[in-house]
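Chemist: Given chain D, work out where chain Z should sit, using these hints.
Chains as they are written, first to last, in this note's numbering: chain D, 1 to 429; chain Z, 1 to 429.
There could be a bad hint or two in this list.
Identical chains share a label here; the pair holds if one copy fits it or two copies do between them.
Straight-line Cα separation of at most 35 Å, DSBU-like style, residue types lysine-lysine; simulated pairs [what the hints assert, rightly or not]:
| # | residue 1 | residue 2 |
| --- | --- | --- |
| 1 | Lys256 | Lys66 |
| 2 | Lys23 | Lys223 |
| 3 | Lys122 | Lys71 |
| 4 | Lys23 | Lys219 |
| 5 | Lys256 | Lys22 |
| 6 | Lys122 | Lys256 |
| 7 | Lys288 | Lys48 |
| 8 | Lys122 | Lys66 |
| 9 | Lys71 | Lys37 |
| 10 | Lys22 | Lys288 |
| 11 | Lys71 | Lys223 |
| 12 | Lys37 | Lys48 |
| 13 | Lys122 | Lys37 |
| 14 | Lys37 | Lys223 |
| 15 | Lys48 | Lys66 |
| 16 | Lys23 | Lys48 |
| 17 | Lys22 | Lys219 |
| 18 | Lys37 | Lys66 |
| 19 | Lys37 | Lys219 |
No wet-lab data here; the hints were simulated from the structure. Since we're looking at a predicted model, the values are computed, not measured.
Protein chains: 2
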Amino acid sequence: MTQSETHLLDTNLESYMFDLGKKARAASRALRLADAKTKSLALSQMAKEVRTVSNDILNANALDMKVAHSKGLSGAMLDRLELNSDRIEGIAVGLEAIAALPDPVGSVDETWTQPNGLTFSKVRVPIGVIGMIYESRPNVTADAGALCLKSGNACILRGGSESSNSNHAIHRALTAGLEIAGLPSDAIQLITTIDRAAVGHLLTGLNNDVDLIIPRGGKSLIKRVQSDARIPVLAHLEGLCHTYVHAAAEETMALKIILNAKMRRTGVCGSTETVLIDRAIAEVFTPKLADALNAAGCEMRGDTDCRDLSTHIIPATDTDYLTEHLAAIVNMRIVDDINMALAHIDTYGSGHTDCILTEDNDIATRFLRDIDSAICMHNTSTQFADGGEFGFGAEIGISTGRLHARGPVGAQHLTTYKYTVQSSGQIRP
Amino acid sequence: MTQSETHLLDTNLESYMFDLGKKARAASRALRLADAKTKSLALSQMAKEVRTVSNDILNANALDMKVAHSKGLSGAMLDRLELNSDRIEGIAVGLEAIAALPDPVGSVDETWTQPNGLTFSKVRVPIGVIGMIYESRPNVTADAGALCLKSGNACILRGGSESSNSNHAIHRALTAGLEIAGLPSDAIQLITTIDRAAVGHLLTGLNNDVDLIIPRGGKSLIKRVQSDARIPVLAHLEGLCHTYVHAAAEETMALKIILNAKMRRTGVCGSTETVLIDRAIAEVFTPKLADALNAAGCEMRGDTDCRDLSTHIIPATDTDYLTEHLAAIVNMRIVDDINMALAHIDTYGSGHTDCILTEDNDIATRFLRDIDSAICMHNTSTQFADGGEFGFGAEIGISTGRLHARGPVGAQHLTTYKYTVQSSGQIRP
Chain D
1 MTQSETHLLD
11 TNLESYMFDL
21 GKKARAASRA
31 LRLADAKTKS
41 LALSQMAKEV
51 RTVSNDILNA
61 NALDMKVAHS
71 KGLSGAMLDR
81 LELNSDRIEG
91 IAVGLEAIAA
101 LPDPVGSVDE
111 TWTQPNGLTF
121 SKVRVPIGVI
131 GMIYESRPNV
141 TADAGALCLK
151 SGNACILRGG
161 SESSNSNHAI
171 HRALTAGLEI
181 AGLPSDAIQL
191 ITTIDRAAVG
201 HLLTGLNNDV
211 DLIIPRGGKS
221 LIKRVQSDAR
231 IPVLAHLEGL
241 CHTYVHAAAE
251 ETMALKIILN
261 AKMRRTGVCG
271 STETVLIDRA
281 IAEVFTPKLA
291 DALNAAGCEM
301 RGDTDCRDLS
311 THIIPATDTD
321 YLTEHLAAIV
331 NMRIVDDINM
341 ALAHIDTYGS
351 GHTDCILTED
361 NDIATRFLRD
371 IDSAICMHNT
381 STQFADGGEF
391 GFGAEIGIST
401 GRLHARGPVG
411 AQHLTTYKYT
421 VQSSGQIRP
Chain Z
1 MTQSETHLLD
11 TNLESYMFDL
21 GKKARAASRA
31 LRLADAKTKS
41 LALSQMAKEV
51 RTVSNDILNA
61 NALDMKVAHS
71 KGLSGAMLDR
81 LELNSDRIEG
91 IAVGLEAIAA
101 LPDPVGSVDE
111 TWTQPNGLTF
121 SKVRVPIGVI
131 GMIYESRPNV
141 TADAGALCLK
151 SGNACILRGG
161 SESSNSNHAI
171 HRALTAGLEI
181 AGLPSDAIQL
191 ITTIDRAAVG
201 HLLTGLNNDV
211 DLIIPRGGKS
221 LIKRVQSDAR
231 IPVLAHLEGL
241 CHTYVHAAAE
251 ETMALKIILN
261 AKMRRTGVCG
271 STETVLIDRA
281 IAEVFTPKLA
291 DALNAAGCEM
301 RGDTDCRDLS
311 THIIPATDTD
321 YLTEHLAAIV
331 NMRIVDDINM
341 ALAHIDTYGS
351 GHTDCILTED
361 NDIATRFLRD
371 IDSAICMHNT
381 STQFADGGEF
391 GFGAEIGIST
401 GRLHARGPVG
411 AQHLTTYKYT
421 VQSSGQIRP
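In isolation and in its complexed conformation, chain D is listed as follows (with noise of 0.2 Å):
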């Protein structure tokens, strides 16, 4: 065990954790009163304290490195465990970004009168408190801390234990910040038990002090986390995303979005896994677009039609068209037209991000009314799928649920709402 390890009893971990859910219940009273610029404040100096402590972060990490290593995992997990200098500059700047966002709490919706005179409001406010699981990504701490607090919600974070001293270190900081305020450190709390049960009491046990969970991870985790949980969930759980190419596609333009949306990054839930190709173009395209993303050194698997206009086409199976690679591999499949478009999409589709590519705009805009997703494109790349990219600022994520928050998850989406109904001393009849 390293530093901030510990292992609690059975009967310890339950009232450790009950303890923790009372501890938030009673700062998230504290946030939901806090005004924008306390916010900002205690935001703004977790930066500075970030970049103060850098090198206790950055020796936390090298503990957790030095365990990963002796562990053996992955070159990718290593690589999202590792900090240095530039990605704590990073965890900094995100924070102070956060700082800087308009303050999602106490926005009006709407605001209307009835004939009678009484006059309603629309008010955001925060949701409560707000547990959230995560893996190895260490900035995580951070990002979800500060997201949390600028919509007003207390949380408790639970990282991966391959990161734990990362994590401290990092939560010193957050709450370092919150103090220098005058907020309870309480706001953000790190579950600091090693104990896997500590989960299971997070998902099942605190459902009067926890009102939200945001798990952050691999499928595995997620899938845990809705199965278990008795406290409302918000997943991101895959980006299984499909770039359309209809008939009056404009070639030069498809080619071009294509290739950005399967290869600027090909490890993110907004890269296209399937291409779809409509029949009266695949001539032409399919080898064009086979040759270009060969170049790119992208692996195509496609079903018969397509393989038989292009050799660099390997066979598709089924799980193919299932399956987010998060890899230089695309699907690919030559359709009828946009009915079968559409039917493919909402047979092998995840819901998250799709997009048609034509110059028709009666298309286009049946394209998005009809595709069931969070994020319904028209002639550009999936990759925009992302919080930053819509402008709100960072994101906690992107929701693949249907219920109360859809597609990227900022700040303001950590909010809900009430009424405020404000009268001259009407009675109801």
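Modeler: Then chain Z, alone, in the frame of chain D:
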């Protein structure tokens, strides 16, 4: 067993429920794309059909009433269960009112363009499939089915077994309306087995095909649904509403409002259960209020300070302050100031509806900001806590949860959103 009740073997029950889910999901795809006119046509045809078959509905209800009498159900339950021609006309009028509401699907919450030229719109879309579990009132079959249809959602309805025959008769009128409009009759399905295990399947076994569960009924039903469901729940728990008489309240207005807030209808969730009175005005105000409430037939339970001011007031226990009486009983308490009032509401309230009576606008603003309830009111009756009064048309209930929808839930709140992104070929740098 009466005509429409069936029992199924366990394995058959599972496949029966699974089948309901699949059919609902398929119907939801058609409903998602149904236009406003078609849905309104279905709703007005349902109203017509309810009137046409009103004798069948009355006969079915007579069967239910006979069983209910033989089981010795309470007078209040019998009243909730009973239909007569006025109530059936009320159901038809309700359906027509929902037909006439604006269609919430496709409405655009906001549109904005980012500096790179991408145009984003946040568009209202149906949630998908809603499971609705309710108790004895047969009219809920029509209200719930109609509100789900209006918002483009398929629904699976599970009414109380005591209203089984009435629900079936009403349900037949609803599916007739769907068919006339060319919509799938599976858009509104009623669970026809009386096996109690069906609810368990609905709550836990259909999470791929049901997106949201809405329970409507007593506290024990809601608690069971919340603890068992593996699907998001939109719950209406209870309305423990407060009216706080601030020192600067206008006396005549305050008396009139409290009488209305408590006594207009005592059985609704928006009725005031506790009146808090500022100490500064208690000596004058309390006896006047006690006399007025006493004259109106309301029992009063209060703390020692209250009881010193009126002999009408009997002692209140801590449990009283936690009880939604739903009867001509009100709790009273003298408080030192707004801070003590806020603390009382925070401790004893249910986050439903709370009101301040004052002529001091600064104090009112503070109360409206600081109270963490779905509905926060100034100088009016808590009995205005009703979707109709908000202008939402019909309501399916009042949500006391914090996520997705809070307060009165109308057709518009049974939608979620998606984003459309329109571009002229931009790629992400």
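Chemist: None of the hints should be skipped; say for each whether it holds.
Modeler: Evaluated hints:
no.	hint	result
1	Lys256 to Lys66	neither (42 Å within a copy, 72 Å between copies)
2	Lys23 to Lys223	both (28 Å within a copy, 25 Å between copies)
3	Lys122 to Lys71	neither (52 Å within a copy, 46 Å between copies)
4	Lys23 to Lys219	both (30 Å within a copy, 28 Å between copies)
5	Lys256 to Lys22	neither (53 Å within a copy, 40 Å between copies)
6	Lys122 to Lys256	between (43 Å within a copy, 27 Å between copies)
7	Lys288 to Lys48	neither (51 Å within a copy, 59 Å between copies)
8	Lys122 to Lys66	neither (51 Å within a copy, 46 Å between copies)
9	Lys71 to Lys37	neither (45 Å within a copy, 63 Å between copies)
10	Lys22 to Lys288	neither (61 Å within a copy, 41 Å between copies)
11	Lys71 to Lys223	within (25 Å within a copy, 45 Å between copies)
12	Lys37 to Lys48	within (16 Å within a copy, 58 Å between copies)
13	Lys122 to Lys37	both (22 Å within a copy, 29 Å between copies)
14	Lys37 to Lys223	neither (38 Å within a copy, 40 Å between copies)
15	Lys48 to Lys66	within (27 Å within a copy, 74 Å between copies)
16	Lys23 to Lys48	within (26 Å within a copy, 57 Å between copies)
17	Lys22 to Lys219	both (30 Å within a copy, 24 Å between copies)
18	Lys37 to Lys66	neither (40 Å within a copy, 65 Å between copies)
19	Lys37 to Lys219	neither (38 Å within a copy, 41 Å between copies)
Of the numbered hints given earlier, the model fails hints 1, 3, 5, 7, 8, 9, 10, 14, 18 and 19; all others are met.
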